[in-house]
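Protein chains: 2
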Amino acid sequence: MADEENAYSFTTRASQLIKLSRLGKNGFPMRRGGRLPEVTVAYESWGELTPGADNAVLIFTGLSPSAHAASSSEDSSPGWWEYMIGPDKAIDTNRFFVVCMNSLGGCYGTTGPGSLNPETGNKYGVDFPNLTVEDIAGTGHELMRELGVENLHAAVGSSMGGMASIAYAIQFPQNLEYLIAISAAAQALPLSIAIRSLQREIIRSDPAWKDGRYKTGEEPLAGMALARKLGLVSYRAADEWNSKFDRSKIPEEKLTGKPFEIDFEIESYLEYNAQKFIHSFDANSYQYLSRCMDWFDIAEHGGSVDAGMAKIKVKKALIIGVTTDILFPLRQQRELADSLSATNTEVDHVEIDSPNGHDAFLIDDRQFSPVVAKFLSESYG
Amino acid sequence: MADEENAYSFTTRASQLIKLSRLGKNGFPMRRGGRLPEVTVAYESWGELTPGADNAVLIFTGLSPSAHAASSSEDSSPGWWEYMIGPDKAIDTNRFFVVCMNSLGGCYGTTGPGSLNPETGNKYGVDFPNLTVEDIAGTGHELMRELGVENLHAAVGSSMGGMASIAYAIQFPQNLEYLIAISAAAQALPLSIAIRSLQREIIRSDPAWKDGRYKTGEEPLAGMALARKLGLVSYRAADEWNSKFDRSKIPEEKLTGKPFEIDFEIESYLEYNAQKFIHSFDANSYQYLSRCMDWFDIAEHGGSVDAGMAKIKVKKALIIGVTTDILFPLRQQRELADSLSATNTEVDHVEIDSPNGHDAFLIDDRQFSPVVAKFLSESYG
Numbered sequence: 001m002a003d004e005e006n007a008y009s010f011t012t013r014a015s016q017l018i019k020l021s022r023l024g025k026n027g028f029p030m031r032r033g034g035r036l037p038e039v040t041v042a043y044e045s046w047g048e049l050t051p052g053a054d055n056a057v058l059i060f061t062g063l064s065p066s067a068h069a070a071s072s073s074e075d076s077s078p079g080w081w082e083y084m085i086g087p088d089k090a091i092d093t094n095r096f097f098v099v100c101m102n103s104l105g106g107c108y109g110t111t112g113p114g115s116l117n118p119e120t121g122n123k124y125g126v127d128f129p130n131l132t133v134e135d136i137a138g139t140g141h142e143l144m145r146e147l148g149v150e151n152l153h154a155a156v157g158s159s160m161g162g163m164a165s166i167a168y169a170i171q172f173p174q175n176l177e178y179l180i181a182i183s184a185a186a187q188a189l190p191l192s193i194a195i196r197s198l199q200r201e202i203i204r205s206d207p208a209w210k211d212g213r214y215k216t217g218e219e220p221l222a223g224m225a226l227a228r229k230l231g232l233v234s235y236r237a238a239d240e241w242n243s244k245f246d247r248s249k250i251p252e253e254k255l256t257g258k259p260f261e262i263d264f265e266i267e268s269y270l271e272y273n274a275q276k277f278i279h280s281f282d283a284n285s286y287q288y289l290s291r292c293m294d295w296f297d298i299a300e301h302g303g304s305v306d307a308g309m310a311k312i313k314v315k316k317a318l319i320i321g322v323t324t325d326i327l328f329p330l331r332q333q334r335e336l337a338d339s340l341s342a343t344n345t346e347v348d349h350v351e352i353d354s355p356n357g358h359d360a361f362l363i364d365d366r367q368f369s370p371v372v373a374k375f376l377s378e379s380y381g
Numbered sequence: 001m002a003d004e005e006n007a008y009s010f011t012t013r014a015s016q017l018i019k020l021s022r023l024g025k026n027g028f029p030m031r032r033g034g035r036l037p038e039v040t041v042a043y044e045s046w047g048e049l050t051p052g053a054d055n056a057v058l059i060f061t062g063l064s065p066s067a068h069a070a071s072s073s074e075d076s077s078p079g080w081w082e083y084m085i086g087p088d089k090a091i092d093t094n095r096f097f098v099v100c101m102n103s104l105g106g107c108y109g110t111t112g113p114g115s116l117n118p119e120t121g122n123k124y125g126v127d128f129p130n131l132t133v134e135d136i137a138g139t140g141h142e143l144m145r146e147l148g149v150e151n152l153h154a155a156v157g158s159s160m161g162g163m164a165s166i167a168y169a170i171q172f173p174q175n176l177e178y179l180i181a182i183s184a185a186a187q188a189l190p191l192s193i194a195i196r197s198l199q200r201e202i203i204r205s206d207p208a209w210k211d212g213r214y215k216t217g218e219e220p221l222a223g224m225a226l227a228r229k230l231g232l233v234s235y236r237a238a239d240e241w242n243s244k245f246d247r248s249k250i251p252e253e254k255l256t257g258k259p260f261e262i263d264f265e266i267e268s269y270l271e272y273n274a275q276k277f278i279h280s281f282d283a284n285s286y287q288y289l290s291r292c293m294d295w296f297d298i299a300e301h302g303g304s305v306d307a308g309m310a311k312i313k314v315k316k317a318l319i320i321g322v323t324t325d326i327l328f329p330l331r332q333q334r335e336l337a338d339s340l341s342a343t344n345t346e347v348d349h350v351e352i353d354s355p356n357g358h359d360a361f362l363i364d365d366r367q368f369s370p371v372v373a374k375f376l377s378e379s380y381g
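The listed protein sequences correspond, in order, to chains P and F. Note that the first sequence covers residues 1 to 381 in the numbering used here. Note that the second sequence covers residues 1 to 381 in the numbering used here.
In short, the hints are calculated from the structure, not lab data.
Now the in silico label distances, taken between C-beta atoms and shown as ranges:
1. F:E82 with P:E82: 52 to 60 Å
2. P:K215 with F:S77: 46 to 54 Å
3. F:E346 with P:H349: 45 to 53 Å
4. F:T256 with P:K25: 24 to 32 Å
5. P:N122 with F:Q275: 29 to 37 Å
The calculated BS3-like cross-link candidates involving lysine-lysine, where the alpha carbons are at most 27 Å apart (straight line), are:
6. F:K210 with P:K258
7. P:K374 with P:K313
8. P:K276 with P:K210
9. P:K210 with F:K258
10. P:K315 with P:K374
11. P:K89 with P:K374
12. F:K374 with F:K89
13. F:K254 with P:K210
14. F:K315 with F:K89
15. F:K276 with F:K258
16. F:K276 with F:K249
17. P:K276 with P:K215
18. F:K210 with P:K210
19. P:K244 with P:K258
20. P:K258 with F:K25
21. P:K276 with P:K249
22. F:K276 with F:K210
23. P:K254 with F:K210
24. P:K25 with F:K258
25. F:K258 with P:K215
26. F:K215 with F:K19
27. F:K215 with P:K258
28. P:K254 with P:K244
29. P:K311 with F:K249
30. F:K374 with F:K313
31. F:K311 with F:K374
32. P:K249 with F:K311
33. F:K244 with F:K254
34. F:K215 with P:K210
35. P:K254 with P:K276
36. P:K276 with P:K244
37. P:K315 with P:K89
38. F:K210 with P:K215
39. P:K215 with P:K19
Note that the Cβ used here is the ideal one computed from N, Cα and C, for glycine as well.
Let the hints inform the model, and build the full structure from the sequences given.
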């Protein structure tokens, strides 16, 4: 189904591809202008939808993950949020019909810069229209309608996905009961913009970038590796690395003695993880998804953050932040929680003291699971 | 004097060049092996040396500054530490003979990778031997002997220069009375190593790098610009940028509407500062100086940080850290101060609450000047 649309796709084994069928003849209109004539969304699901279609949970991902959030009978490999989703887990698939989608603009099956434009027969590349978090949320809404779900029990997301879950709540206030936003923000701050902007520029400085018109097999991998290393530096926290690596050196026999080669374990760790990443992500998708986080600003929905947040009509929201997050610092989750409270939305605001920085939600099962489990179990019954 | 030795040099107007004359026929032996047949040091000085040569203060710089720390009759342009050095200023040139040197390995006149190797007639480039902070301190000691100073009243340094001032105190305990180390550390932590390692790799990924054998006029400027931006991100602090830039956009008429071009003021600020930097710094010097900070480890002087610090015999030390420094965090200055106290060296330990991050010592006159002035004025009398 629609394989030809995804010329540059790392679609995971179990992902279902669905073409959004309710778009008008103008296709999907993008928030910053332009349109997509067709949109295919890759998703995975766990659990069963009730006959009343009232138990759906939609998960929005961060920048890099696919729809494979958890293992399933179709794909037993661990998902990126394996600890969180499953029978009797915090997002309990005995109770909920859980859907995770690959974001619009991504490269794991959903329409993105690597897809073919059906109107030209060519890859979109950098002719893909400007992408916003709101567009990601909008395609999530369309996906759920395709699956027979008009109203979500909960929208859940972390990092970029947390922004998308909030955008969903603002844009579709009548279609959402509960909101969970983890390590998210009402708008990007300059330090986060600077770090992401630099990652994108590093990729574009790779001669293989070729203005985004690189061919399959000739991707700007060197630039991607450097950008990923900078990403990793921003996702984690200093003290975690102090205890994990300290000043350990790589084994003596691997040292060349040359001043610029890998010497410390931390350098080796970054190299290993960067190499693992670059063969599974499209450089153009990276540009678009990274940029949409910089642009995200709830104040665009009514003139101020409070005005935007006031549009949210959920029964209750859960806002989680992490003490050591430098990319989406605690003050940003406080802002979200305060703004919800100020507009009379009930909110649980939890600050998790984890050494794992922005990535904590991927790692810190012990602290995250009870918080999410409690919130969701209180949301029905 | 020795112009031919500094083929790649941005020597500032007032810098004096002096060839170290007391080196034996083997030249200057480098700590990690290899040697320099000759060493020229660029320095500037302010104030007068007493007949007893007992009022000398030597300033070691961070990675990028030249010896031009303050203005003078020879060069009236402001120096990089203009607020700190001068008549009646914190480092009082009415009282002290103040010397600032361009570091060994640098590109402002002192022998470095851009200099000609007198034994081959070619630029050192990446054949320059491995450089350590201790080598920088050692050439500082030789410089002062050339100037007729056997014993320093004080060694002062910030960032890499703070490491060098500590290295001086450890290596020449009989030749130093007072030590000032600002935003320094006993050893580099993995996050700082990661950030610097990535900057160096970004430069080496520029095709113009050519394994360090680039020609004058064909330097890897694109890589240098990206590395400098990453440096700037690490030198400053999030809240400073929040108040300075927030989410301000560049003027509408400069917006192209293309998704990857400069949009936010923070991006424009980084671009401006990077472009300013790249035409005044040598890429090979950047590699060597950056790497020597990663390698610095006081534990190499006796088996542990405490054992290394125990070699210091100053009358008193001043250790300053800044609350918002992510590159040399407060815990590292606490470690220095605790270690000095534990070995019975009197120490003033000051934590400055400044929004300016690692760069605070360059900016925060109001908070730094009184602390340094008090320490130095109590050091004589």
